[in-house]
Every structure is written in C-alpha cells, then in structure tokens.
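S.K.: Since the structure of chain A is provided, determine the placement of chain B on it from the hints.
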Amino acid sequence: MIRRVNDVLDHLEEWLIAGFMAAATLVIFAAVLHRQSAALPWLWNYTSALNFSWAQELCIYLFIWMAKFGAAYGVRTGIHIGVDVLVNAVRPAMRRVLVVIALSLGAFFTGTIAVMGVRWVAFIHGTGQTSPDLEWPMWIIYLCIPLGSSLMCYRFLQVLTRFVRSGQLPEHTLGSAEEDPA
Amino acid sequence: MNVALILVILLALLLTGTPISIALGMTVLTFLALFSSFSIETVDIVSQRLFTGLESFAIMAVPFFVLSGTFLTEGGIARRIIRFALALVGWMRGGLAIAAILACTFFATISGSSPATVVAIGSIMLPAMIRHGYPKRFAVGVITTSGSLGILIPPSIVMIIYAVSTSESAGKLFIAGIVPGILLAGVLMLVTYVTARRKNFPTLPRASGREIWVSFKEAFWGLMLVVIVMGGIYGGVFTPTEAAAVSAVYAFIAAVFIYRGLTWRQVPKVLLSAANTSAMLLYIITNAILFSFLLTSEQIPQALSQWVIGQQLSPWMFLIAVNVALLVAGQFMEPSSIILILAPLLVPIAKNLGIDPIHLGVIMTVNMEIGMIHPPVGLNLFVASHIAKMGLTEVSIACLPWVFVLLAYLILITYVPAVSLWLPNLLY
Numbered sequence: 001m002i003r004r005v006n007d008v009l010d011h012l013e014e015w016l017i018a019g020f021m022a023a024a025t026l027v028i029f030a031a032v033l034h035r036q037s038a039a040l041p042w043l044w045n046y047t048s049a050l051n052f053s054w055a056q057e058l059c060i061y062l063f064i065w066m067a068k069f070g071a072a073y074g075v076r077t078g079i080h081i082g083v084d085v086l087v088n089a090v091r092p093a094m095r096r097v098l099v100v101i102a103l104s105l106g107a108f109f110t111g112t113i114a115v116m117g118v119r120w121v122a123f124i125h126g127t128g129q130t131s132p133d134l135e136w137p138m139w140i141i142y143l144c145i146p147l148g149s150s151l152m153c154y155r156f157l158q159v160l161t162r163f164v165r166s167g168q169l170p171e172h173t174l175g176s177a178e179e180d181p182a
Numbered sequence: 001m002n003v004a005l006i007l008v009i010l011l012a013l014l015l016t017g018t019p020i021s022i023a024l025g026m027t028v029l030t031f032l033a034l035f036s037s038f039s040i041e042t043v044d045i046v047s048q049r050l051f052t053g054l055e056s057f058a059i060m061a062v063p064f065f066v067l068s069g070t071f072l073t074e075g076g077i078a079r080r081i082i083r084f085a086l087a088l089v090g091w092m093r094g095g096l097a098i099a100a101i102l103a104c105t106f107f108a109t110i111s112g113s114s115p116a117t118v119v120a121i122g123s124i125m126l127p128a129m130i131r132h133g134y135p136k137r138f139a140v141g142v143i144t145t146s147g148s149l150g151i152l153i154p155p156s157i158v159m160i161i162y163a164v165s166t167s168e169s170a171g172k173l174f175i176a177g178i179v180p181g182i183l184l185a186g187v188l189m190l191v192t193y194v195t196a197r198r199k200n201f202p203t204l205p206r207a208s209g210r211e212i213w214v215s216f217k218e219a220f221w222g223l224m225l226v227v228i229v230m231g232g233i234y235g236g237v238f239t240p241t242e243a244a245a246v247s248a249v250y251a252f253i254a255a256v257f258i259y260r261g262l263t264w265r266q267v268p269k270v271l272l273s274a275a276n277t278s279a280m281l282l283y284i285i286t287n288a289i290l291f292s293f294l295l296t297s298e299q300i301p302q303a304l305s306q307w308v309i310g311q312q313l314s315p316w317m318f319l320i321a322v323n324v325a326l327l328v329a330g331q332f333m334e335p336s337s338i339i340l341i342l343a344p345l346l347v348p349i350a351k352n353l354g355i356d357p358i359h360l361g362v363i364m365t366v367n368m369e370i371g372m373i374h375p376p377v378g379l380n381l382f383v384a385s386h387i388a389k390m391g392l393t394e395v396s397i398a399c400l401p402w403v404f405v406l407l408a409y410l411i412l413i414t415y416v417p418a419v420s421l422w423l424p425n426l427l428y
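Sequence lines, in order, name chains A and B. Sequential numbering from 1 applies to the first sequence in the numbering used here. Sequential numbering from 1 applies to the second sequence in the numbering used here.
Hints in this document: simulated from the structure, not taken from any laboratory. A portion of the hints provided could be inaccurate.
[Claimed, not checked] Cβ-to-Cβ under 8 Å is the rule here; a few derived chain B residues that face chain A: (1) 22; (2) 58; (3) 64; (4) 193; (5) 195; (6) 245; (7) 248; (8) 283; (9) 352.
[Claimed, not checked] Cβ-Cβ distance ranges computed for the label pairs, FRET-style: (10) B/12 <-> A/140: 34 to 40 Å; (11) B/182 <-> A/123: 51 to 57 Å; (12) A/45 <-> B/315: 56 to 62 Å; (13) B/353 <-> A/101: 40 to 46 Å; (14) A/44 <-> B/404: 56 to 62 Å; (15) A/46 <-> B/58: 27 to 33 Å; (16) B/58 <-> A/52: 14 to 20 Å; (17) B/216 <-> A/164: 53 to 59 Å; (18) A/54 <-> B/231: 50 to 56 Å; (19) A/86 <-> B/416: 34 to 40 Å; (20) B/44 <-> A/140: 15 to 21 Å.
Built from N, CA and C at the ideal position, the CB exists for glycine as well.
Just chain A, same shape as in the assembly (with noise of 0.2 Å):
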C-alpha cells in the first residue's frame, strides 16, 4: 500500500516539474513570437487582438512552482550539494553520525519551513490577495511553500531511513562516454 502511494507520488513529482519547465518555455517562446509578429503587418491583423501581458508572471509562478517540488525531487535523487571535507576525513562510524545529523537537519528545516507556509497561506487567504496580471488567487499560488517543503521534508525522512537501514545514499550520476571522435 505505501509503496502504491510512494510510486504515485514519484510519478506526479516528476510529471509535474517536467511539466512546469516545458509550460514556461513555450509560454514566453509565445510571447516573443507574438511581439514580434507585430513587425509584419499582415500576420499582425491576427495576433494583435491576443495579450500576452500575463506570460512573464506566469512564466515565474511555473518555475517557482517548479524550484519548490523540484526541491524535492532533488533530495530523492542527491543533487543538493554539500561540503564533503570532514565527512569524507573521518571514521566511518563518526561519518555515519554526521550523515544522520546532515539528513535530519534537511527534515527539520523542510519541516518548519513547511509549518511556516501554511501559516503564510492562512494569513495571506484572509487577505483575499489576487496576483497582478492574472488575477489568480494568491493563496492558491503560495501554496507551494507548504506542500513543496513537506515533500521535501518527506523525501529527506526517507532517505534518512534508507541510510540507516541500508547505509546507502542516493548518488547523482551524469551522461557517459561516447565514441572516438579522432
């Protein structure tokens, strides 16, 4: 059971960051092609009538949006860089303390932060605040605060029990070698 709700939780994560990135870009693709329609005149007749005066501040909230589950995301796969020095200098009994505290620092941090967020989007929807351009509600838009950060306080718990049951940590890896070019 937990493992059928962690599998959908990976799944809409990473649909949902991959999501937010290609909306962005199209969004403001868009709105440069649309100025700059505005240089042929016959094309102009057409695109005049549309507006783009949003895209610029919903091309920000999707990559906000995408920064805070993204976040998250990235504790899952080891991408969050640290100083490594004494880490890798010491025992590895003494390492394994200091992985223990580094993890539970990230919950602990992602955990208020996420406490703090909530009580940001309680006060702000009393203010019946609406976003500039789109009129959007503010509240719904700062709720990536609270849900990003418990994701990602989530997401630090479970590599947290990982490394202690396993010892084992998530590793960033990169693209591999190719074939001779020479």
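M.R.: Relative to chain A, chain B alone:
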C-alpha cells in the same frame, strides 16, 4: 559580534555535510530563534521571502539556460562542435588537447554553465585523449579547467545572478566576458601547446580544406545559437531571460529535428533532468537571498562598507582583499550563493573606490572559475571525477597546476580593467 556568530553557525552546519542551501536557511532560522525573539513578524517576513525572493523575471534566465544546455549536451551538438574543432587544430602538437579547449570555447558560447560544458565536451574528449596516449591526469586537468570557460564566455548563469543581485545590465556583463573569455582560451591553449612540445604528445593528420568545411557545416546550426542569443540581446530584440527561453526552444529543435540526437520519447527525460538541476540552483538562490536578508537586517553591509572606507584602502588593495575573500569563500560554497551574498556587499564599496561594477563582475566570475576546479566544492571536479571514473582527490591533484595558471590570469584580469571594459565601453 553578530557577524562572527552568523559565520560560526553557518560553518558548523556546513561541516556536517548538510546541503549548502539548507545550511544557509538553517543559519537564518537559528539566528532568528536565538537572538531576535523570533516574533510573528519575522516568521512572516521569512515565509514571504521564500517566495518573493524568486519573484524576478531576470532570475528565470537560469532555468532556461539550464534547459538549453541540457538539450545541447544530450542532442549530439557537442559531437559536431568537437569534429569542427579537431579539423581546425587537431594537426598541432598536442592537437587533441588543444581541440578540446577550442571545443569547450565554442560550447561555452552557447551554454551558460561550466559543469555542463565539462560533461558535453569531456565525456567525448576525455576517453579519446586517454586512448591516444595522453597521461590521464593531464587530460582530466585540461578538460576540467577549460570547461570552466562556460561561465566566463557568454551566456553565463553566474553573470546573470551577478546582474540580478546588483541591478547591473546582464547584456553589458555578457559583452564584458567576451574578450577575457577568448584570452583565457588562448592562454590555456598556449600552456597546453608548450607542455605538448616538451612531452611530445601525439598529433593528428592535417584535415583538408574540404573536411574543415564539411565539419563547419555540420556544426553550423549549433553555433548559430550564439548569434541568436547575443545578437538578440545586444540588438534589443529580447531580454536575456527571453533570449534564454528562445535558446532552449532552438536547442530543442536542433537536437530533435536537425541533428536527431534525441527522439521525442527522450524529451521528457531531458526536461526532468534540466528541472532537477535548475530547481537545485533556484533552491540555493532562495536560501542565499534569505541569508543576505539576515545580513542586511543586521546592518552588516553598512558596517562592512564603513569599515573598508575607514581603512582608506586603495582600489588595488581592495581588489586583493576581494580576491582573497572570494577564493576563501569558494572553498565552502558554490558560485551562485557566493555571488548572491557577496556581490551586494562589494559593489557599493567598489563604486565608492571608483571600480566599475562590470569589471568587478568579471573578476568575480574568474574567481568562481577557480573555485569550480578547486576542492572541496568545485562542481567541475565532481563532474570530471564521474566522467573519468577517478577519485575526487586525484582529479583535484590533476587540476592543481591549472589552478596556478588561472590565478596568474586572475591577476591580469584584476589589474588590467581594459581587458574586461574595452568592448562594453565601445558598444554601450
């Protein structure tokens, strides 16, 4: 007093190995909890900053350039650029290594990130150099170092962050990076050539004019990106962020339709990997902004700037101090956090001393290049150690001679402002 305390908390957190972003954020929370009674107002300001800190269209050039870089790396564009570079300089003594530097230079003109440049060029050139009998350490050193050109030659993610945090023009800073970037590429090639002559590294057969032309035509669509980005920004067609978005779309088209290095089905994976990297950067940026908010609310910038002015430092002494401070900071943090925290502190002082902020931006960028090939948090080292299947320590040793080359170059950039300022002053 407070400065010392903030630094002690930060250092203690960093040493546990917790991510830099988390350490920055935790420092802020710890300090507020201990010393400013942690009132509801400060809590709300912190929560608000977590969102509004990122609410800037200029910062969003970062994820766009990361995406464009990922398409370029995965899309078979690097391979064409390498072929072209090999056709041009492969016949020289140590040709493969010189071509690697040239390829990094070309790739840097279309990518804004150093680690991405190391991956793109290094994953092909490193195995090739080793196969052709280059000492492994030399090969790794060349690739890791010339990959750092990625942030000096425009476009550059580090320069965008500098421009955002100091309200300077990103376009002007980009232009300022051109001459220093080409000069550094030249210096690296010269050092490589001299070493190659001394140690008798292999050469490749000379490419015919036809081969050069064919390889140029192949690489042309990739290299066109620099014309679109720089031409677009400088010609006022679009802002740097829009240029970055257009470059991401262009890189996608080049990778999927022109070079066919990627299939449609691989596109979501590229998006995800770019989102992963850019979310990490944006998360660091958020927490670094929070951290500089703490510094500002403790009035540390003012105190620092008054202290420096009180010391009656001459500009050249100030620049020595800046370089030392940046090199030390580069030991603990990665470029975006250093720039976000230090640039707003340094720029007002520099202006006071008559130093051009654009010049300071180039100095900081070169400093960040050194930090990237220097342990413990050199990003290029991580990437290179992965590609070369070598330990981090060994890669660091391989890069050590190059650190000295870059330090010498840093002195040149610091004390000859014309290298950085001549071109932007001519154009703006």
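S.K.: Take a look at whether the Cβ-Cβ distance between residue 12 of chain B and residue 140 of chain A falls inside 34 to 40 Å.
M.R.: Since residue 12 of chain B and residue 140 of chain A have Cβ atoms about 38 Å apart, the given range 34 to 40 Å holds.
S.K.: Is the distance from the Cβ of residue 86 of chain A to the Cβ of residue 416 of chain B consistent with 34 to 40 Å?
M.R.: 39 Å, holds
S.K.: Once the shortest beta carbon distance from residue 195 of chain B to chain A is found, is it less than 8 Å?
M.R.: 19 Å, violated
S.K.: Could you check if residue 245 of chain B really has its C-beta closer than 8 Å to a C-beta on chain A?
M.R.: Constraint on residue 245 of chain B satisfied, holds at 4 Å.
S.K.: Let's test the interface hint: is any C-beta of chain A closer than 8 Å to that of residue 64 of chain B?
M.R.: 7 Å, holds
S.K.: Indicate whether the distance between the beta carbons of residue 46 of chain A and residue 58 of chain B respects the range 27 to 33 Å.
M.R.: 31 Å, holds
S.K.: Mind checking the hinted window 40 to 46 Å against the Cβ distance between residue 353 of chain B and residue 101 of chain A?
M.R.: 42 Å, holds
S.K.: Against chain A, is residue 58 of chain B within 8 Å by beta-carbon distance?
M.R.: Residue 58 of chain B check fails; min Cβ-Cβ to chain A is 10 Å, beyond 8 Å.
S.K.: Given the hint of 15 to 21 Å, is the C-beta distance from residue 44 of chain B to residue 140 of chain A inside that range or not?
M.R.: 18 Å, holds
S.K.: Just to be careful: measuring from the Cβ of residue 352 of chain B to every Cβ in chain A, is the smallest value less than 8 Å?
M.R.: 33 Å, violated
S.K.: Between residue 58 of chain B and residue 52 of chain A, does the C-beta distance stay in 14 to 20 Å?
M.R.: Holds, at about 18 Å.
S.K.: Taking the least C-beta to C-beta distance, is residue 283 of chain B closer than 8 Å to chain A?
M.R.: With a closest approach of 4 Å, the residue 283 of chain B hint holds.
In this structure, the earlier hints numbered 2, 4, 5, 9 and 18 are contradicted, and the remaining ones agree with it.
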